[in-house]
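A.B. asks: The lines below spell out each chain.
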Amino acid sequence: MITAERLTKRYGDTTAVDAIDFTVRPGSVTGFLGPNGAGKSTTMRMVMGLDHPSGGRVTVNGRAYRDLPAPLHEVGALLEAKAIHGGRSAYHHLLWLAKTNGIPRRRVDEVIGLVGLDAVAHKRSGGFSLGMGQRLGIAAALLGDPGVLLFDEPVNGLDPEGIRWIRTLIRSLAAEGRTVFVSSHLMSEMALTADHLLVIGRGQILADTGMADFIARNAAAHVRVRSPQGGVLAEALRERGWTIRRDDDGALLVEGASAEQVGDVAGSRGLYLHELSVVNASLEEAFMRLTADSVEYHARTDQPVPAGV
Amino acid sequence: MTTATLEPAVPSARQAATTGQARLTFGRILDAEWTKIRTVRSTVWTLVSLFVASVGLTALICLAAAGDLASGAGGDEPVGAFATWGLMFGQIAALVLGILVATSEYSSGMIRTTLAAAPRRWSVLVAKTTVLAGLLLVLGTITSAAAFLAGNFFLGREGIGFSVTDPDVLRTMIGGGLYLAVLGVFGLALGLLMRHTAGAVTVGIALIFIVGNLVGLVPGAAGEWLTKLMPGNAGSTIATVESFNPDLLGPWTGLGVFVGETALLLLLAGWLFRKRDA
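Quick note, the sequences are listed as chains A and B, same order.
Residue numbering for the first sequence is 1 to 309, as defined by the UniProt record's numbering.
Residue numbering for the second sequence is 1 to 278, as defined by the UniProt record's numbering.
Derived from the structure by calculation, the hints contain no laboratory data.
The reader is advised that the hints may include incorrect statements.
Stated by the list, open to error - Lysine to any residue pairs mimicking SDA-like chemistry, simulated, CA-CA at most 20 Å apart:
id, chain 1, residue 1, chain 2, residue 2
1, A, Lys123, B, Val44
2, A, Lys82, A, Ser41
3, B, Lys275, B, Met194
4, A, Lys123, A, Gly113
5, B, Lys275, A, Thr15
6, B, Lys275, A, Arg57
7, A, Lys123, B, Ser104
Unchecked claim - Take a look, some chain A residues computed to stay more than 10 Å from chain B by CB distance:
id, residue
8, Thr8
9, Thr23
10, Arg57
11, Val120
12, Leu130
13, Gly131
14, Ile163
15, Ala207
16, Asp208
17, Gly210
18, Ile215
19, Arg238
20, Asp247
21, Leu283
Positions of the beta carbon are idealized from the N, C-alpha and C atoms, including for glycine.
Starting from the given sequences, assemble the full structure and let the hints guide the process.
C.D. replies: Here it is as structure tokens:
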């Protein structure tokens, strides 16, 4: 369980995290979602006692991080990929880490096996790929078998196989009853892993909601229908008070109606249909709408990209 | 928290946690820091260069200068200053090792792993200091003794060697270890303050080697005292049988001053280490 109360971080005049309150509960994956620069990493570093809050407080299992008697047994974290001395082997990296908290040597071998680094455990970690570095970071997080886990952008830079592996691992850790807190700037990734969602933008919590609720509320669906008598159909649908837009290929996009209703209207007029389907609005769009005002650096999309870029 | 559904793939180390064996203690942080320092090759290379430069250069200069020193053609240079001459260069390695103990954690981002495992920052700093000082004390004493024996071999051939039982000789051997240990800690403090390897090495070398000689240009008593008190000047007399500069502080007084300066720098570094974000 992670609890933040009016947690604040200021750098000079800039407020990176602005008096946020949240609770991350055990037994589920809580996604921490926000654009780059929203304050996700800063918040996670404050949870770990690495950055000092300018105000408010954050506790893990009811205690400030630095008061935990054996931190690695309570909290495991993957904060950045490859935060390892390149001249040290994966085995020795995990060994010194284990020694700090009195974790037995055999546990080092166990976690190396768990993340599949057996073959390279005694090689210098400087030559590791990003994916291998990520696996080593996860081995370090699991070393003390902690009940609380933090992953900061765990899938960044990974190949599809690595992404799937981490996703499965995160799900299984939560299924074991652990508290799992995962940050990402990708809504699509969160939709696949998280049960609960904390959306942060410009240092403020914009949404604190169940993933299912978020989807139900934000993913408004529309019906896509294509007919050789498109004009007649559009007229008929408009008469029912639904909003109609025309897609690029001439299909009609109907908002506010179900597929059944659209089909019935067409049938009652004896119109042919070549396509009738329900299209879910992307969660990515919902997330973009939610955080539109809080993105630090906007790229303008209304101007053509110069040639050669 | 419910942990009843733990799958066997993640064997529980939590039993250890609940029986109280798993606690963060100073001894464990110390053990971890010792593991860190001995498991990177840079430590080995630094210590090898410390030994080779100190012993090799001492042997070379004594081989080259012993004849002139014996005949008096070399002027009135004190013979004892040559007996561990190579340490002047070997000490750079001790300084760099100390700096690396701090800055390598920042360049890799590993400091966050260290402080996540051991959030008590003063304990981490004391553990790092203890491990580094202990290692350099032993290696420094061996190096200093070997350098003296190598240099004295050539001095002895010209009949101007020292007796190994000379109290100044014994003091030099142990003094080499003491000086290099304190110098390493000086580097650690500097590295922790600056968090940047190249910057800290530059400042460290400039302070110890360049500024230490330049302050002599300040006129009058101020220049004399600055020369006496500069860290490298004050600390290094303990590691030579005789000093080139007779105006420097005595060996033990000088070491005391150097320890004091290093302690101040370490306290400042520790205070900032505690206060700053990792």
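A.B. asks: Would you mind marking each hint as holding or not holding in the structure?
C.D. replies: Going through the hints against the structure:
The suggested pairing of Lys123 (chain A) with Val44 (chain B) holds, with an alpha-carbon distance near 17 Å, which does not exceed 20 Å. Simply put, Lys82 (chain A) and Ser41 (chain A) have alpha-carbon atoms about 16 Å apart, close enough for the 20 Å limit, and the pair holds. Between Lys275 (chain B) and Met194 (chain B) the alpha-carbon distance is near 14 Å, which keeps this suggested pair within the 20 Å criterion. In summary, the hint linking Lys123 (chain A) to Gly113 (chain A) is supported, as the alpha carbons are separated by about 15 Å, within the 20 Å threshold.
At roughly 19 Å between alpha-carbon atoms, Lys275 (chain B) and Thr15 (chain A) fall within 20 Å of each other, so this suggested pair holds. Distance hint between Lys275 (chain B) and Arg57 (chain A) is fulfilled; the C-alpha atoms sit about 16 Å from each other, no more than 20 Å. Between Lys123 (chain A) and Ser104 (chain B) the CA atoms are separated by roughly 19 Å; this keeps the pair inside 20 Å, and the hint holds. No Cβ of chain B approaches the Cβ of Thr8 (chain A) within 10 Å, the least distance being about 14 Å, so the stated non-interface status holds.
No Cβ of chain B approaches the Cβ of Thr23 (chain A) within 10 Å, the least distance being about 14 Å, so the stated non-interface status holds. Arg57 (chain A), annotated as away from the interface, keeps every beta carbon of chain B farther than 10 Å; the closest lies near 15 Å. Chain B leaves Val120 (chain A) outside its interface by the beta-carbon criterion, the shortest separation being 16 Å against a cut-off of 10 Å. Residue-level check passed: Leu130 (chain A) sits 14 Å from the nearest beta carbon of chain B, beyond 10 Å.
Distance check for Gly131 (chain A) against chain B: the nearest CB is about 17 Å away, which clears 10 Å, and the non-interface claim stands. Under the 10 Å C-beta cut-off, the non-interface status given to Ile163 (chain A) relative to chain B holds; the minimum distance is some 20 Å. Look at Ala207 (chain A): its CB is around 26 Å from the nearest CB on chain B, clear of 10 Å, so calling it non-interface holds up. No Cβ of chain B approaches the Cβ of Asp208 (chain A) within 10 Å, the least distance being about 21 Å, so the stated non-interface status holds.
Look at Gly210 (chain A): its CB is around 20 Å from the nearest CB on chain B, clear of 10 Å, so calling it non-interface holds up. The Cβ of Ile215 (chain A) lies farther than 10 Å from every Cβ of chain B, with a closest approach of about 26 Å, so its non-interface assignment holds. Arg238 (chain A), annotated as away from the interface, keeps every beta carbon of chain B farther than 10 Å; the closest lies near 54 Å. With a cut of 10 Å on Cβ distances, Asp247 (chain A) stays outside the contact zone with chain B, its closest approach being about 47 Å.
The Cβ of Leu283 (chain A) sits about 29 Å from the closest Cβ of chain B, beyond the 10 Å cut-off, so the non-interface label holds.
Every hint from the earlier list agrees with this structure, and none is contradicted.
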